[in-house]
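Peer 1: Top line first, the protein sequences correspond to chains A and B.
The first sequence begins at 1 in the working numbering and counts up one residue at a time.
The second sequence begins at 1 in the working numbering and counts up one residue at a time.
Among the clues, some could well be false.
Since the list can't tell identical chains apart, any single copy or any two copies may satisfy a pair.
Straight-line C-alpha distance at most 25 Å; calculated DSS-like pairs for lysine-lysine [to be verified]: (1) Lys-143 with Lys-13; (2) Lys-13 with Lys-103; (3) Lys-103 with Lys-143; (4) Lys-103 with Lys-79; (5) Lys-143 with Lys-44; (6) Lys-110 with Lys-143; (7) Lys-13 with Lys-79; (8) Lys-13 with Lys-110; (9) Lys-119 with Lys-79; (10) Lys-79 with Lys-110.
Please keep in mind that the hints were generated in silico from the structure rather than gathered at the bench.
There are 2 protein chains.
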Amino acid sequence: MEIVEYTYSQFRKDLENLPPLPSIDAILAIARGGLTFAHHLAEKLEIREVGCIGVSSYENRRKISSPSFSTPLILPSGKEKILIVDDISDTGETLSTLLNHLKNLYPTRKFFTFTLFVKPTTSFLPDFYLHTTPHWVSFFWEKK
Amino acid sequence: MEIVEYTYSQFRKDLENLPPLPSIDAILAIARGGLTFAHHLAEKLEIREVGCIGVSSYENRRKISSPSFSTPLILPSGKEKILIVDDISDTGETLSTLLNHLKNLYPTRKFFTFTLFVKPTTSFLPDFYLHTTPHWVSFFWEKK
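Chain A with its partners taken away, still in its complex shape (with noise of 0.2 Å):
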């Protein structure tokens, strides 16, 4: 599988040019690699409330099984407008089923997405994108 090399270079020129952005109350990051991004974001964004939710479908490159969470998704209360954030969305199945379980847990909260990456073929298109790549992407943050 052709590679797609992600580097901190490259992320720092996307952070200066992120796509206009509603207003947020907090940032919801999804483990481990929503992590970097959703910290950078929320300097940028001056977000203070950040959590995260450990999300996992892929065992060194394949998929292995549906997303399960390992923490209990618990949002803070006073945040209304949570901006969920990840790496990719690959099939897109992780965030979907995320975002159906907490629009079902918190039904008069408002969710938004936002991914640096989308595949071309995932079912599920974030509310915000950075870059569109049908390859396997190696993130700055997984190098060895």
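Given the coordinates of chain A, assemble chain B onto it according to the supplied hints.
Peer 2: Same frame as chain A, but now just chain B:
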């Protein structure tokens, strides 16, 4: 106040020169400051389970209050050895308050603490840390 710049390039060097760490099952990142470090550490150490907890005591470089936890402290079951990760131990109040709280809630689990920086005046010395400085540290993820 004198400012020390902590760059991404220094961070990469630090990741190549980590101290020997005990075997751990999960990482708990202190948000926001510890998120990027926790993410990179988790990749490096191949730890899939990463949670985070919001703790804040700073607002615009001034210490404003005792640390308060913005999300419930629920640790995943079956994860006995947990590495708590933050960017800096300044007064040490965040880490020591969190650690005491966790030890009360989960008396049988083993907790370790790891920060990139400590201030020489900290009242709490993490189990692991990489740099000591009396200055204000400007981290690359805070870059506007």
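Peer 1: Confirm or reject each hint.
Peer 2: Tested hints:
Proximity of Lys-143 to Lys-13 under the C-alpha cut-off of 25 Å is found in both arrangements, the shortest distances being 19 Å within a copy and 12 Å between copies. When the C-alpha separation of Lys-13 and Lys-103 is checked against a cutoff of 25 Å, the pair qualifies neither within a copy, at 33 Å, nor between copies, at 42 Å. In this homomeric assembly, Lys-103 and Lys-143 never come within 25 Å of each other (Cα to Cα): the closest approach is 35 Å inside a single copy and 33 Å across copies. Proximity of Lys-103 and Lys-79 under a CA criterion of 25 Å is satisfied intra-copy only: 14 Å inside one chain copy versus 29 Å between copies.
Taking identical chains as interchangeable, the C-alpha atoms of Lys-143 and Lys-44 lie at most 25 Å apart whether they share a chain (24 Å) or sit on different chains (8 Å). In the homo-oligomer, the alpha carbons of Lys-110 and Lys-143 never lie at most 25 Å apart, since the shortest distance is 35 Å inside one protomer and 28 Å across protomers. Taking the closest pair of Cα atoms, Lys-13 and Lys-79 never come within 25 Å of each other, the shortest separation being 29 Å inside a single copy and 37 Å across copies. Proximity of Lys-13 and Lys-110 under a CA criterion of 25 Å is satisfied in neither setting, with 28 Å inside one chain copy and 40 Å between copies.
In this assembly of identical chains, the alpha carbons of Lys-119 and Lys-79 never lie at most 25 Å apart, being 30 Å within a copy and 33 Å across copies at closest. For a Cα distance limit of 25 Å, the shortest separation of Lys-79 from Lys-110 inside one copy, 9 Å, qualifies, whereas the shortest one across copies, 33 Å, does not.
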